[in-house]
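S.K.: These are the residues of each chain, in order.
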Amino acid sequence: MLRTVRKLTNPALGRFASTLVLVEHDGTSVNPATLHTITAASKLGGPIHALVAGDSCQQVAAAAAQIAGVEKVLVSESAALKGQISEAVSAVILSLQASNNYTHIMANGTVYGKNILPRIGAKLDVAPISDIIEIASENTFVRTIYAGNAIQTIESIDPVKVITVRATAFEAAASEGGTASTETVDCGIDNDKSEFLQAKLSKSDRPELAAASIVISGGRGLKNGENFEMLYTLADKMGAAVGASRAAVDAGYVPSDLQVGQTGKMIAPDLYIAVGISGAIQHLAGMKDSKTIVAINKDGEAPIFQVSDYGLVDDLFKAVPEMISSIEQQ
Amino acid sequence: KQWYQRRVRGKRVIDYAVKIRVRPDQLGVVTDGVKHSMNPFDENAVEEAVRMKQKKIVKEIIVASCGPSQAQETIRTALAMGADRGIHVELAKGEEALQPLAIAKIFAALVEKEKPDLVILGKQAIDDDSNQTTQLLAGLLNWPQGTMASVVEHSEGKLTITREIDGGLEDISVKLPAVISADLRLNEPRYATLPNIMKAKKKKIEKIAASSMGIDIAPRLRVIKTVDPPVRAGGDKVPDVAVLLEKLREKGHIK
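First to last, the protein sequences are chains A and B. Residue numbering for the first sequence follows our numbering, beginning at 1298 and increasing consecutively. Residue numbering for the second sequence follows our numbering, beginning at 12 and increasing consecutively.
Note that these hints are calculated values from the structure, not bench results. Misleading hints may appear alongside valid ones.
[Stated by the list, open to error] In silico contact screen, one side only, chain A against chain B (beta carbon under 10 Å); selected entries:
1) Val1408
2) Val1482
3) Ile1486
4) Glu1505
5) Ile1511
6) Met1527
7) Ala1592
[Said to hold, decoys possible] Using 30 Å as the maximum straight-line C-alpha spacing, the simulated BS3-like pairs for lysine-lysine come out as follows:
8) Lys1562(A) <-> Lys66(B)
9) Lys1595(A) <-> Lys186(B)
10) Lys266(B) <-> Lys1595(A)
11) Lys258(B) <-> Lys1615(A)
12) Lys248(B) <-> Lys1379(A)
13) Lys67(B) <-> Lys210(B)
14) Lys248(B) <-> Lys1562(A)
15) Lys66(B) <-> Lys1585(A)
16) Lys186(B) <-> Lys30(B)
17) Lys1340(A) <-> Lys67(B)
18) Lys1588(A) <-> Lys30(B)
19) Lys30(B) <-> Lys1595(A)
20) Lys67(B) <-> Lys1595(A)
21) Lys212(B) <-> Lys124(B)
22) Lys1595(A) <-> Lys1615(A)
23) Lys124(B) <-> Lys1490(A)
24) Lys1490(A) <-> Lys30(B)
25) Lys126(B) <-> Lys1490(A)
26) Lys1490(A) <-> Lys67(B)
27) Lys186(B) <-> Lys1379(A)
28) Lys1585(A) <-> Lys116(B)
29) Lys116(B) <-> Lys1562(A)
Heads up, the beta-carbon is just placed ideally off N, CA and C, and yes, glycines get one too.
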């Protein structure tokens, strides 16, 4: 087990920050959330190295080298990294940590980042910090607890900080203009304990839910999966993505990757339209930082109306088709 | 046919329906006198263990919980659902703010002692929302991990797991022993029936004081302050779709 030598982090001694960012990707492009994590990393000062790990990295590495703020791209390409399985990716990160002694290791607060980083924390014997929304200093971070009903500022006493970053809390770094150097890293990975089999990804021409500027979300009020069709139609007219409440996913109306909420995706689009969603605390946790919130629900007492900027108390089966035809006429 | 032993984690948290209040001293939220329940994801974990036992994949289910004396209630619930015995790692007053790394170390010690083939936890606790303990435990044990599991199938010493990921689903295979975390759609947890609640009273719960385990459980993350989130002013209503669309046009959201 690798251990870093413990050094007291004393601001007066000025131990310089250096950060390793784990790039999230699908073998073709950099996941947009990574751009937000790089902005977070740049608030620490110090060089940023971006790690691209996988079984097919060249295209992603080239894109990562153009991200503003990245000093160096480290590429670890191997069949053992197929599917970017956590046991293998964490081995690469630990190997880099042993050579480069980063002060901070960061990844997106997505399922991808959350799956891998805590494993690193265990091996380095440090407490990982999940889903930060603010960096107060190189030791002090802000995050939400209780589905966003409380905000906590915490100070880490560990010599290395292992952190996942909530994308909605930081701006995206520019994806062009960077001039990072690229280096291949060769980490002999020995993983016979796990294997990536296959991915079953939802295919859509619509914008990605976490990055879309407009999201139309459906809840239990939609009553079934077929009724979501009108939300897809409205979304297409508005260039929007479609999301859902946990209730709609649990009921099988839509696949799980549409879920917005405490235990699903945290998003903050410019416009969030909640259709047939009551507004349970756990759902609000995932969207209450949206710039404008619209709610359409026939129950005027639904909690969602307490956070919406524009609330329409109406039957969604009447209101949504009306919106579609009105926009069509423009 | 191979029979396994598995351990399940049940965390006692503030009930999901309770409205949270931040403490005046800003060190956390109010927990005294507040309704607590088993963390919902841990219910899925317990349920999965019980189903595996019913399918005779698993021989014995041990449920463990770290917490103050009231954690016994959570353990009893799991026993009533079908777990065989419990381990209560008792936290003294002042130790209750145990963080995931410390909890993972405690569980790792229990794993050394009990030698299960599979550990299953809920994917995240709804109090601190960290989603870390499973991954931490797997890292400490150097076991493979299967997080956010929505389907788990067993065959010849391996588990095939379907995980809920950002873009959809992914399937992985892990060799036992392994650590997995349950997502909400893994199963629908059963309600403990009254006869099972009565039977659970006779099942054994071993109590261990956390401080006696020789593990460094001191927090690594110091809470500086806890505050309410900014209040979002809302509540304006629009009379119809036409007015709604006009407002959205004014704001530049639609043309």
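S.K.: Each hint: holds or not?
M.R.: Here's how the hints hold up against the structure:
no., hint, in the structure
1, Val1408, "holds, 5 Å"
2, Val1482, "violated, 21 Å"
3, Ile1486, "violated, 13 Å"
4, Glu1505, "holds, 8 Å"
5, Ile1511, "holds, 7 Å"
6, Met1527, "violated, 13 Å"
7, Ala1592, "holds, 9 Å"
8, Lys1562(A) <-> Lys66(B), "violated, 34 Å"
9, Lys1595(A) <-> Lys186(B), "violated, 50 Å"
10, Lys266(B) <-> Lys1595(A), "holds, 27 Å"
11, Lys258(B) <-> Lys1615(A), "holds, 19 Å"
12, Lys248(B) <-> Lys1379(A), "violated, 51 Å"
13, Lys67(B) <-> Lys210(B), "holds, 21 Å"
14, Lys248(B) <-> Lys1562(A), "holds, 27 Å"
15, Lys66(B) <-> Lys1585(A), "violated, 43 Å"
16, Lys186(B) <-> Lys30(B), "violated, 41 Å"
17, Lys1340(A) <-> Lys67(B), "violated, 53 Å"
18, Lys1588(A) <-> Lys30(B), "holds, 24 Å"
19, Lys30(B) <-> Lys1595(A), "holds, 25 Å"
20, Lys67(B) <-> Lys1595(A), "violated, 48 Å"
21, Lys212(B) <-> Lys124(B), "holds, 24 Å"
22, Lys1595(A) <-> Lys1615(A), "holds, 10 Å"
23, Lys124(B) <-> Lys1490(A), "holds, 22 Å"
24, Lys1490(A) <-> Lys30(B), "violated, 43 Å"
25, Lys126(B) <-> Lys1490(A), "holds, 18 Å"
26, Lys1490(A) <-> Lys67(B), "holds, 24 Å"
27, Lys186(B) <-> Lys1379(A), "holds, 17 Å"
28, Lys1585(A) <-> Lys116(B), "violated, 35 Å"
29, Lys116(B) <-> Lys1562(A), "holds, 29 Å"
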